[in-house]
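Novice: Construct all of the structure, not just a fragment, from the sequences and the given hints.
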Amino acid sequence: GEDVEQSLFLSVREGDSSVINCTYTDSSSTYLYWYKQEPGAGLQLLTYIFSNMDMKQDQRLTVLLNKKDKHLSLRIADTQTGDSAIYFCAESRISGNTPLVFGKGTRLSVIA
Amino acid sequence: DSGVTQTPKHLITATGQRVTLRCSPRSGDLSVYWYQQSLDQGLQFLIQYYNGEERAKGNILERFSAQQFPDLHSELNLSSLELGDSALYFCASSTMSMNTEAFFGQGTRLTVV
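Taken in sequence, the protein lines are chains A and B. First residue of the first sequence? That's 1 in this note's numbering, and the numbers climb one at a time after it. First residue of the second sequence? That's 1 in this note's numbering, and the numbers climb one at a time after it.
To be clear, the hints were calculated from the coordinates, so they are not data collected in a lab. We treat Cβ as the ideally placed atom computed from N, Cα and C, and that holds for glycine. Don't take each hint at face value.
Stated by the list, open to error - Listed next, with one range per pair, are the computed distances between beta-carbon atoms:
(1) B:Thr95 with A:Asn52: 33 to 39 Å
(2) A:Arg60 with B:Arg63: 41 to 47 Å
(3) B:Asp71 with A:Thr30: 42 to 48 Å
(4) B:Pro70 with A:Leu45: 26 to 32 Å
(5) A:Glu14 with B:Asp71: 44 to 50 Å
As the list claims (entries may be wrong) - Residues of chain A clear of chain B, computed beta-carbon distances all greater than 12 Å:
(6) Ser17
(7) Val19
(8) Thr25
(9) Met55
(10) Asn66
(11) Arg75
(12) Asp83
(13) Ala112
What the hints assert, rightly or not - Here are the computed lysine-lysine pairs in the DSS-like style, where the Cα-Cα straight-line distance is at most 25 Å:
(14) A:Lys70 with A:Lys104
(15) A:Lys70 with A:Lys56
(16) A:Lys67 with A:Lys56
(17) B:Lys57 with A:Lys104
(18) B:Lys9 with A:Lys104
(19) A:Lys104 with A:Lys56
Specialist: Below, the structure is given as structure tokens:
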């Protein structure tokens with residue numbers, strides 16, 4: 001079955017690094033995504049990683065994938081107050097007809 | 001701005017009523033997905049259309065239906081509304097039937113009273 005788990009809350013100080021973790025169960029997951037949802041807004045695609053990659057870096061964001069443990073993480077360097085939001089991990093298979101399966105989201109609070 | 005437009009932004013209606021939510025996908029995107037976001041269930045996939053045809057079905061109630069029109073916009077119809085249908089309804093679109101990158105609209109917040 002498909003299941004994506006995330007911790008619900010994370011609190012960090014401004015300037016520190018944030019690490020948001022996610023585990024998934026579907027070993028056929030091919031793409032893994034991180035979305036950001038700010039209050040009252042839709043979901044914004046932050047980054048995604050293909051399952052044959054271990055790491056992807058995009059400015060302050062680093063995605064690490066441990067396919068053996070089915071563990072995905074998002075590291076935000078130099079976290080700012082504007083990073084406060086809910087972060088969703090999601091997976092999909094490339095075999096078609098498979099919509100995104102989301103975790104319940106991690107609420108990141110950045111303390112100034 | 002993701003390029004996906006949803007209307008209306010907010011909707012308040014009474015139990016038993018029927019509402020229609022509308023979504024215009026990004027230009028060129030053939031796939032449209034509908035998701036429901038509630039506090040207890042998180043983001044649940046409802047249904048997907050690709051170029052006018054239903055492609056995948058998720059946890060969509062029989063009281064709910066959707067369609068995608070020739071101009072690729074989509075509508076989600078919710079009928080016999082119950083209090084528990086109150087949620088944020090998102091539409092997303094992507095270029096292929098397999099959503100490598102799905103872009104989300106701002107959502108329609110439905111409140112059933």
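Novice: Does each hint hold? Answer for all of them.
Specialist: Going down the list of hints, with the structure as the test:
no., hint, result
1, B:Thr95 with A:Asn52: 33 to 39 Å, "21 Å, violated"
2, A:Arg60 with B:Arg63: 41 to 47 Å, "44 Å, holds"
3, B:Asp71 with A:Thr30: 42 to 48 Å, "31 Å, violated"
4, B:Pro70 with A:Leu45: 26 to 32 Å, "27 Å, holds"
5, A:Glu14 with B:Asp71: 44 to 50 Å, "46 Å, holds"
6, Ser17, "26 Å, holds"
7, Val19, "21 Å, holds"
8, Thr25, "15 Å, holds"
9, Met55, "19 Å, holds"
10, Asn66, "21 Å, holds"
11, Arg75, "21 Å, holds"
12, Asp83, "19 Å, holds"
13, Ala112, "27 Å, holds"
14, A:Lys70 with A:Lys104, "17 Å, holds"
15, A:Lys70 with A:Lys56, "16 Å, holds"
16, A:Lys67 with A:Lys56, "14 Å, holds"
17, B:Lys57 with A:Lys104, "20 Å, holds"
18, B:Lys9 with A:Lys104, "22 Å, holds"
19, A:Lys104 with A:Lys56, "23 Å, holds"
Hints 1, 3 from the list above are not met by this structure, while the remaining hints are.
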